[in-house]
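**Student:** Let the sequences and hints guide you as you build the complete structure.
Protein chains in written order, with the working numbering: chain A, 20 to 201; chain B, 4 to 176.
Just so you know, these hints were derived from the structure itself, not from any lab. Possibly wrong hints are sitting among the right ones.
To be verified - Below, computed lysine-lysine pairings styled on BS3-like, alpha-carbon distance capped at 25 Å:
hint, chain 1, residue 1, chain 2, residue 2
1, B, K157, A, K122
2, A, K32, B, K157
3, A, K122, A, K55
4, A, K55, A, K94
5, B, K104, A, K94
6, B, K157, A, K55
7, B, K157, A, K151
8, A, K122, A, K32
9, B, K143, B, K157
10, A, K32, A, K94
11, A, K32, A, K55
Unchecked claim - Taking CB as the label site, the calculated pair distances span:
hint, chain 1, residue 1, chain 2, residue 2, range
12, B, A77, A, M93, 25 to 31 Å
13, A, G181, B, I5, 39 to 45 Å
14, A, N154, B, L146, 31 to 37 Å
15, A, L113, B, L11, 22 to 28 Å
16, A, K94, B, Y6, 26 to 32 Å
17, B, I5, A, W156, 52 to 58 Å
18, A, Q54, B, Y6, 29 to 35 Å
Unchecked claim - Calculated from the model, a selection of chain A residues having no Cβ within reach of chain B, i.e. all distances over 10 Å:
hint, residue
19, A21
20, S22
21, L23
22, Y28
23, Q54
24, R61
25, R91
26, K122
27, F178
28, A188
29, P193
For clarity, every value in this text was computed on a predicted model and none was experimentally measured. Yeah, the Cβ is synthetic: ideal placement off N, Cα and C, and Gly gets one too.
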Amino acid sequence: MASLWSIFYSFLKIGAFTFGGGYAMIPLIEAEMIQKRGWLSREEFINQLTIAQSVPGPIALNTAVFVGYKTRGMKGALAALVGVIIPSFFIILLIATCFTDFKDNTTVAAAFKGMRPAVVALIATPLIGMAKGMNWWKIALALLAAAAIWQLGLSPIWFIFGGALVGIAWSFRPEGRKEDER
Amino acid sequence: MIYLQLFLSYLKIGFFGFGGGYAMISLIYNEVVVQNGWLTASELADVAAISQMTPGPIAINCATYVGYTVTGNAWGSLLATVAVSLPSMTLMLLATRFYLKLRGNRHFEGAMAGMQPMMIGLILSSALMLFGPETFIDWKSWLIFAGCFVASIKRVNPILLIVLSAVAGIVFY
Numbered sequence: 020m021a022s023l024w025s026i027f028y029s030f031l032k033i034g035a036f037t038f039g040g041g042y043a044m045i046p047l048i049e050a051e052m053i054q055k056r057g058w059l060s061r062e063e064f065i066n067q068l069t070i071a072q073s074v075p076g077p078i079a080l081n082t083a084v085f086v087g088y089k090t091r092g093m094k095g096a097l098a099a100l101v102g103v104i105i106p107s108f109f110i111i112l113l114i115a116t117c118f119t120d121f122k123d124n125t126t127v128a129a130a131f132k133g134m135r136p137a138v139v140a141l142i143a144t145p146l147i148g149m150a151k152g153m154n155w156w157k158i159a160l161a162l163l164a165a166a167a168i169w170q171l172g173l174s175p176i177w178f179i180f181g182g183a184l185v186g187i188a189w190s191f192r193p194e195g196r197k198e199d200e201r
Numbered sequence: 004m005i006y007l008q009l010f011l012s013y014l015k016i017g018f019f020g021f022g023g024g025y026a027m028i029s030l031i032y033n034e035v036v037v038q039n040g041w042l043t044a045s046e047l048a049d050v051a052a053i054s055q056m057t058p059g060p061i062a063i064n065c066a067t068y069v070g071y072t073v074t075g076n077a078w079g080s081l082l083a084t085v086a087v088s089l090p091s092m093t094l095m096l097l098a099t100r101f102y103l104k105l106r107g108n109r110h111f112e113g114a115m116a117g118m119q120p121m122m123i124g125l126i127l128s129s130a131l132m133l134f135g136p137e138t139f140i141d142w143k144s145w146l147i148f149a150g151c152f153v154a155s156i157k158r159v160n161p162i163l164l165i166v167l168s169a170v171a172g173i174v175f176y
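**Tutor:** In structure tokens form, the structure reads like this:
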């Protein structure tokens, strides 16, 4: 069983190395939670991401709550949440109090220029793994949704709810149970 | 009472911030710049830039920063950070319990299956949004991207990749 300390420590690491928003943490979670610790299966992880998107709040926090709660209940959720928040909190506090010229620092700016393309790669690669298990029309739907959100600036929440409604409607069909899905 | 106002504003930001990070910026702008005048628009742009350069969720980074600037002490930071995290904590707890209970139910699994392509589309759209000239400055950016892409597929530790790309940035630029 996962100790509260190991949950806290894992999310502390994730909090300290997630640059560029919640989705960049996906490969970190895969490496830490699925491969190394075995706290989540791949399928649970996919479900978790889906749920995290349909609930308000940062993806990183929602993920922490899910994994923490699943492994150790309420205390686990709290340990994960505090762990993922602590690095941001202290780094920003340090910048606000001591290094107010942080963003004009040339070394930081250079490091950041190097990290930006890396973050795009870290967000993009898990998509390949996720797409592998899907049939062509699901991939087509994903591409369509991505294009609409990206180009038309539509709010993602409508797509999530729409997908849920279609999925529920589909589950009411009389026969042909689960074989044709995923 | 500035502390109460700070708490309520960040509670609101946490509660209505669907879709994470960048989607929350406009919400933060409305609360922090328009409603309360705690920061000017250009100060908020600075905070957003700092948030991107530091690890962690943008909403948390911004809450910590604004909490400090508004009250002048670390308690303000803590208060705003707790406020912005509370909705996540409670709503996601409910959602997780709901999920663990309903898992295996045919209609619930149907909803999950229907949301799944949308979830992937959402992640893809956020990767596409980063595909701009600010991210890809020159061929060296593409080199870092290609290297990380291949390494990430080969399951090289992502923390190592972040550190290496930061070092590459310092060497290159």
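**Student:** Determine for every hint whether it applies to the structure shown.
**Tutor:** Against the structure, the hints come out as follows:
A distance of roughly 33 Å separates the Cα atoms of K157 (chain B) and K122 (chain A); the hinted pair therefore is violated under the 25 Å criterion. The hinted pair formed by K32 (chain A) and K157 (chain B) meets the criterion: a straight-line CA distance of about 21 Å does not exceed 25 Å. The suggested pairing of K122 (chain A) with K55 (chain A) is violated, with an alpha-carbon distance near 35 Å, which exceeds 25 Å. For the hint pairing K55 (chain A) with K94 (chain A), the CA-to-CA distance comes to about 22 Å; that is within 25 Å, so the pair holds.
Taking the CA atoms of K104 (chain B) and K94 (chain A), the gap is about 19 Å. The hint holds against a cut of 25 Å. Distance check on the hinted pair: K157 (chain B) and K55 (chain A) sit about 16 Å apart at the alpha-carbon level, within 25 Å; holds. Only pairs whose Cα atoms come within 25 Å are accepted, and K157 (chain B) paired with K151 (chain A) is accepted, the gap being roughly 16 Å. Taking the CA atoms of K122 (chain A) and K32 (chain A), the gap is near 23 Å; set against the 25 Å cutoff, the hint holds.
Only pairs whose Cα atoms come within 25 Å are accepted, and K143 (chain B) paired with K157 (chain B) is accepted, the gap being roughly 21 Å. Between K32 (chain A) and K94 (chain A) the CA atoms are separated by roughly 19 Å; this keeps the pair inside 25 Å, and the hint holds. With a CA separation close to 13 Å, the supplied pair K32 (chain A) and K55 (chain A) stays within the 25 Å bound. Distance hint check for A77 (chain B) and M93 (chain A): the Cβ-Cβ separation is about 27 Å, which falls inside the suggested range of 25 to 31 Å.
Between G181 (chain A) and I5 (chain B), the C-beta spacing of about 41 Å keeps the proposed range 39 to 45 Å intact. Against the hinted window of 31 to 37 Å, the Cβ-Cβ separation of N154 (chain A) and L146 (chain B) comes to about 35 Å, which satisfies the hint. Separation of L113 (chain A) from L11 (chain B) is about 27 Å and conforms to the stated range, judged on CB atoms against 22 to 28 Å. At roughly 28 Å, the beta carbons of K94 (chain A) and Y6 (chain B) sit within the given window of 26 to 32 Å.
Range check, I5 (chain B) to W156 (chain A): Cβ separation about 53 Å, and the 52 to 58 Å hint holds. In this structure the supplied range 29 to 35 Å is violated for Q54 (chain A) paired with Y6 (chain B), their Cβ-Cβ distance being about 43 Å. Against chain B, the non-interface label of A21 (chain A) holds: every CB pair exceeds 10 Å, the least being about 15 Å. Every C-beta of chain B lies more than 10 Å from that of S22 (chain A), the closest at about 20 Å, which supports listing it as non-interface.
At roughly 16 Å, the least C-beta separation between L23 (chain A) and chain B is larger than 10 Å, which holds for a residue marked as non-interface. Every beta carbon of chain B lies more than 10 Å from that of Y28 (chain A), the smallest distance being close to 13 Å; the non-interface claim holds. At roughly 8 Å, the least C-beta separation between Q54 (chain A) and chain B is not larger than 10 Å, which violates its mark as non-interface. The beta carbon of R61 (chain A) is kept farther than 10 Å from every beta carbon of chain B, the shortest such distance being approximately 12 Å.
For R91 (chain A), the shortest C-beta to C-beta distance to chain B comes to about 12 Å, beyond the 10 Å cut-off, and the non-interface label holds. At the 10 Å boundary, the C-beta of K122 (chain A) falls inside the reach of chain B, the nearest C-beta of that chain being 5 Å off. The Cβ of F178 (chain A) sits about 4 Å from the closest Cβ of chain B, inside the 10 Å cut-off, so the non-interface label is violated. Here A188 (chain A) does not stay apart from chain B, with its beta-carbon only about 8 Å from theirs, under the 10 Å limit.
Distance to chain B confirms P193 (chain A) as a non-interface residue, since its nearest Cβ pair spans about 12 Å, more than 10 Å.
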